[in-house]
Structures are given as structure tokens and as C-alpha cells.
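Trainee: The lines below spell out each chain.
Protein chains: 2
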Amino acid sequence: MLTREQRDRLHVVLVSPRNPLNIGAAARAMANFGFSQLSVVAPYEPHWREARSAVGAETLLRNARIAKCLADAIPDCSLVLGTAALAHRKPEQPVVLLPALAPVVQAELIRGGRTALVFGPEKRGLTSDDLSLCHCLVEIPTHSRQPSMNLGQAVAVCLYELSAPRSNSPEPPAIPSSHLADPPATAHDLDLLAEIIDQTMVSANYSPSIMRNANRRHLHLLLCRLRLSHPDVRRILGLFRRVLWQLDRRGRPR
Amino acid sequence: MLTREQRDRLHVVLVSPRNPLNIGAAARAMANFGFSQLSVVAPYEPHWREARSAVGAETLLRNARIAKCLADAIPDCSLVLGTAALAHRKPEQPVVLLPALAPVVQAELIRGGRTALVFGPEKRGLTSDDLSLCHCLVEIPTHSRQPSMNLGQAVAVCLYELSAPRSNSPEPPAIPSSHLADPPATAHDLDLLAEIIDQTMVSANYSPSIMRNANRRHLHLLLCRLRLSHPDVRRILGLFRRVLWQLDRRGRPR
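These protein sequence lines map, in sequence, to chains A and B.
Last residue of the first sequence: 254 (our numbering), numbering continuous.
Last residue of the second sequence: 508 (our numbering), numbering continuous.
Worth flagging that the hints you see were computed from the coordinates, not collected in a lab.
All C-beta atoms in this analysis are idealised placements derived from N, C-alpha and C, irrespective of residue type, glycine included.
Hints should not be assumed to be uniformly reliable.
Stated by the list, open to error - Per the computed footprint, the stretches of chain A lying under chain B, defined by three or more beta-carbons under 8 angstroms from a beta-carbon of chain B, are:
{"no.": "1", "stretch": "62–76"}
{"no.": "2", "stretch": "157–163"}
{"no.": "3", "stretch": "189–196"}
{"no.": "4", "stretch": "199–209"}
As the list claims (entries may be wrong) - Cβ-to-Cβ under 10 angstroms is the rule here; a few derived chain A residues that face chain B:
{"no.": "5", "residue": "Arg52"}
{"no.": "6", "residue": "Gly56"}
{"no.": "7", "residue": "Ile110"}
{"no.": "8", "residue": "Pro141"}
{"no.": "9", "residue": "Gln146"}
{"no.": "10", "residue": "Asn150"}
{"no.": "11", "residue": "Thr186"}
{"no.": "12", "residue": "Arg217"}
{"no.": "13", "residue": "Gly238"}
{"no.": "14", "residue": "Leu239"}
Claimed, not checked - Sample of chain A residues lacking proximity to chain B, with all beta carbon distances greater than 12 angstroms (derived):
{"no.": "15", "residue": "Glu5"}
{"no.": "16", "residue": "Ser16"}
{"no.": "17", "residue": "Ala42"}
{"no.": "18", "residue": "Gly112"}
{"no.": "19", "residue": "Thr142"}
{"no.": "20", "residue": "Pro231"}
{"no.": "21", "residue": "Asp248"}
Chain A with its partners taken away, still in its complex shape (with noise of 0.2 angstroms):
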């Protein structure tokens, strides 16, 4: 069972989301599970407008925060769970089951670190570049005839497995990939490390720039699977700083 102050260290992001019932259907059952903090990425001013009176969630709707894009959603988040309709694409993330999702995102508030559940618009799901900034994508359980859910329903899915008490749930696992005791990187700190490592690839001759944003793309997915504290990413942030600084200083080859 999570407590209060960890549901609202687990953001539910909508991005561009068309219908207003469907983000009226979202909040209400974020207010059924006890979860709070609702960001909505680039919605279509009108319908978000109307959504704004949703049924016993006025005061989270309220609150929501808007942004831009989905990077500026989720800055502080250390783990980003993209939800996807895995049918027609092959992953480039790690897939984890909606029905095991539950100790993964317990482990992360226990930690310490906020996560982000991400949901793509009703038609067409999260793009690749929203996708390059997931840690792992989640995938519903569903039909193979019918796999794609309504978004407030997918919503209240994924809000009643995390909240769900189930008695044998297994011990939280220890993701082993970075220091228990560090506190987790956040995206903003990827965000950071991905633009100084492609400033280095560019000093460096490295990036052509027919291929700048493929390389950006995959640096984005290889710093989300690597799990790095928030230490680690100090560490090697002033690695590259120096190294950048050092390739500028001495200019082109000579």
C-alpha cells in the first residue's frame, strides 16, 4: 500500500488528449485512487477548457499543470512509464506487464523518486520522441482482437493495479542498476547529461547532422535504461563538461 505523500510523488501525464470526457474520466478516477497530481501535455484549449468541470474532480482538474511539451512534465520525475498499445511496434525499452508494475513504482517512491505514468493521445498513442523518454513502457493485458483501451479507462486500470492492496505482494525489488542509497536520477538530470554528451558529439565530429537526431534519440533511450543516481550523473556531467570545454578551447585541428 502506498501512503498519501507517495501517490503524490506519482504524476499522471496526458498528452494531448482530445476528449474532454476522457480527461474528465481520468481525473475522476485518479480521485478514486487517491492520486493528485495530473499534468496534461499540449491540450486543445476548448476541450480542456470544458474537461474542467469533471465530476468530483474539480479541485485536481484545477490544479493540473499544463505544459508544453512532455519533457517540461516531467522534470523532476526519476522513473517515466510510457503506456503503449505494443500491437503494431517493437519496443525499445524494456516492457513490463501492467499486473508487475506495482512493486517497480513502489520500490521508486520508497526511494524516494517521483514517477510519471504517461498516457498518448486517443488516436495514436505516445510518439517515438515521447517514447525516447521513457524508462520502460507498460503494457496493459489486453485482447488481441480489441487491444486498444479507452484512455479513461486505461487510466483507471493502471491507478487500480498500483493502488490495489493485494496480501502477497512480493518484497519491492531491488533494481539493481544504481545505488539504493543515491537518490534517483530525475529527467531533468538526463535531460542535461543528453544535451552535453550531444554537444560532444557534435565538437567532436561525431554526429553528422543527418544523423543528429537519431543519435539523440538513442542516447536518450541508453541513459533511461541505465538507471544512474542522481551522483553518477554529476559525475559524468563533469566529465563531459570538461572534455567539451577542452575540445572548444583547442578549436579546430589544426
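Got chain A sorted already, so can you dock chain B onto it with the hints?
Mentor: This is chain B only, laid out in the frame that chain A set:
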């Protein structure tokens, strides 16, 4: 996991639903989780006609059975489960929390029985008369401040719980830290990587000689913790080789 044949013996019964969107949402959730048997008790006729066009669940809605009263909808069911918000009433039947429901339903379906999962009208829930036909009540564990769920979401959450594959093995799920398909980095890989990063640190004057051994050790510890794959190592090696080559080529600061 329920077989197809077992799922076809689970009946979803909506008693007097008012909102056609909720009827459609319930049907879509059934399709999402592989259930097919829908009965609707005393639907409001205009709304029922409107609901029959719900996305992805047309066949299911077309085949839905209409009953005049709950008793008529469940004659062949051997286990009748009523869903109820129990905040304001004292239950007369045994109550099962939803996270504990699957084994109860599975046992009934495995022994060949039919199970009905009954949902009341949006505003009032099931009447005392309807509840008296239930063997057992199902409670969705919601937050005390907003216990009442939207009908379509309640159906989705219940059917998710009944169909979710759950392993009984104590094996804790964890986010795998590198692509499972990729071969993991070997100790030799990490040595190569540590070596070139060390050289880069020296070339960029990052590592004063007094710190060099300590830095190398930290670097090794970090690389071990990251659980890199072999392709990860190739990629990072490529970047550092390029950086080192450029640093050396550009020579000492001018």
C-alpha cells in the same frame, strides 16, 4: 488465466444503465479483456439504441441480451456477484475485495459454473432487492473521499482484475536494465571502456595524477553497476575514441 470457453461463462450484467456512453464503454472494456456475454436489465430504450454503435464492440452489443429484471438476466448463473459502493450501507452478504476476486471466479468457472458480475445504475447503485439475488458483494478498493466510480471504468477495472495474468512465483519483477535480446557486456568490454575513458580524462586534464587511481576505481564501479549490453559498450567506445582522437589531434591548448 481463464480460457476462452471459461470467459464465455462470465456474464456482465448492467442494471438500468442510463448513459449510453457508459454502456458503450462497458462493452469496449469487455472486448479489451476478451469477454463476450453482456446482459442489460431494463435499459432506457432511446439510450440503448444509441449505445449499440460503440467503437470496437458492435457485435458484442448486437448480441447483448435484454432482460426485464435482474432475476431474468441470471437464471443459469451459479455465482452472482454484485458490485457495490459500501460506504453508506451495511452489507448483508460476504464482501470480497476486488484484488482477491479472481481465484473465487476462477474456481467457479473451472468447476463448470456460470458467473454473473452485476453493476447497478450510475446514480443509485443496486437496490436491496437486486442485492438480495447476489451470493457475494465485490468491493473495488477506492479512496474514502471519492469512492464512487464511473460505470465504464468500474467494469474495466473488474474485468482487468479477472483476466490479468498473475504469476504465483515469488520472483520479483524488476525493470530489466538492458535489452534482454542484447548480449550483456563482458568484463573485457568494461575494461576497454574504462581504459579509454581514463585516457580521455587524462587528455582533457580532468584527472589530476593524484586522483587518477581513485577516479579509475569509481569509474569501474560505475560501469559495473550500469549493466550495459555489448552494443551499448560498442556505442560508447565509439564516442570516446572519437573524442580522444580529436583531443589529441587538436593538441595542447593554444
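Trainee: All the hints need checking, so say for each whether the structure fits it.
Mentor: Hint-by-hint comparison with the structure:
Residues of the stretch 62–76 of chain A lying with their CB closer than 8 angstroms to a CB of chain B number 0, which falls below the three-residue condition for coverage. Residue count for the stretch 157–163 of chain A with a Cβ under 8 angstroms from a Cβ of chain B: 4. That meets the three needed, and the coverage hint holds. Check on the stretch 189–196 of chain A: 0 of its residues sit with their Cβ under 8 angstroms from a Cβ of chain B, so the three-residue criterion for coverage is violated. Check on the stretch 199–209 of chain A: 6 of its residues sit with their Cβ under 8 angstroms from a Cβ of chain B, so the three-residue criterion for coverage holds.
Annotation: interface hint on Arg52 of chain A violated; nearest CB of chain B at approximately 16 angstroms, more than 10 angstroms. Annotation: interface hint on Gly56 of chain A holds; nearest CB of chain B at approximately 5 angstroms, less than 10 angstroms. Because the beta carbon of Ile110 of chain A sits about 14 angstroms from the nearest beta carbon in chain B, more than 10 angstroms, this interface hint is broken. Using the Cβ-Cβ criterion of 10 angstroms, the hint placing Pro141 of chain A at the interface with chain B is satisfied: the shortest such distance is roughly 6 angstroms.
At its closest, the beta carbon of Gln146 of chain A sits 4 angstroms from a beta carbon of chain B; the interface hint therefore holds under the 10 angstroms criterion. Of the supplied interface hints, the one on Asn150 of chain A holds, with its beta-carbon coming within about 6 angstroms of a beta-carbon of chain B, less than 10 angstroms. Given the 10 angstroms rule on beta carbons, the hint for Thr186 of chain A is violated: about 16 angstroms separates it from the nearest Cβ of chain B. Look at Arg217 of chain A: its Cβ only gets to about 13 angstroms from chain B, farther than 10 angstroms, so that hint breaks.
Evaluation of the Gly238 of chain A hint against chain B yields a held restraint, the C-beta minimum of about 7 angstroms falling below 10 angstroms. Here the hint on Leu239 of chain A is kept, as its CB sits about 6 angstroms from the closest CB of chain B, short of 10 angstroms. Taking the minimum C-beta to C-beta distance to chain B, about 15 angstroms, the non-interface status of Glu5 of chain A holds against the 12 angstroms cut. With a least beta-carbon separation of about 19 angstroms from chain B, Ser16 of chain A lies farther than 12 angstroms from that chain, consistent with its non-interface assignment.
Every CB of chain B lies more than 12 angstroms from the CB of Ala42 of chain A, the least distance being 24 angstroms, so the non-interface label holds. The beta carbon of Gly112 of chain A sits about 17 angstroms from the closest Cβ of chain B, which is more than 12 angstroms, so the claim that it is off the interface holds. Distance check on Thr142 of chain A: its Cβ comes as close as 5 angstroms (rounded) to a Cβ of chain B, failing to clear the 12 angstroms threshold; non-interface status is violated. Not every beta carbon of chain B lies more than 12 angstroms from that of Pro231 of chain A, the smallest distance being close to 10 angstroms; the non-interface claim is violated.
At roughly 10 angstroms, the least C-beta separation between Asp248 of chain A and chain B is not larger than 12 angstroms, which violates its mark as non-interface.
Hint compliance for this structure: hints 1, 3, 5, 7, 11, 12, 19, 20, 21 are broken, all remaining hints hold.
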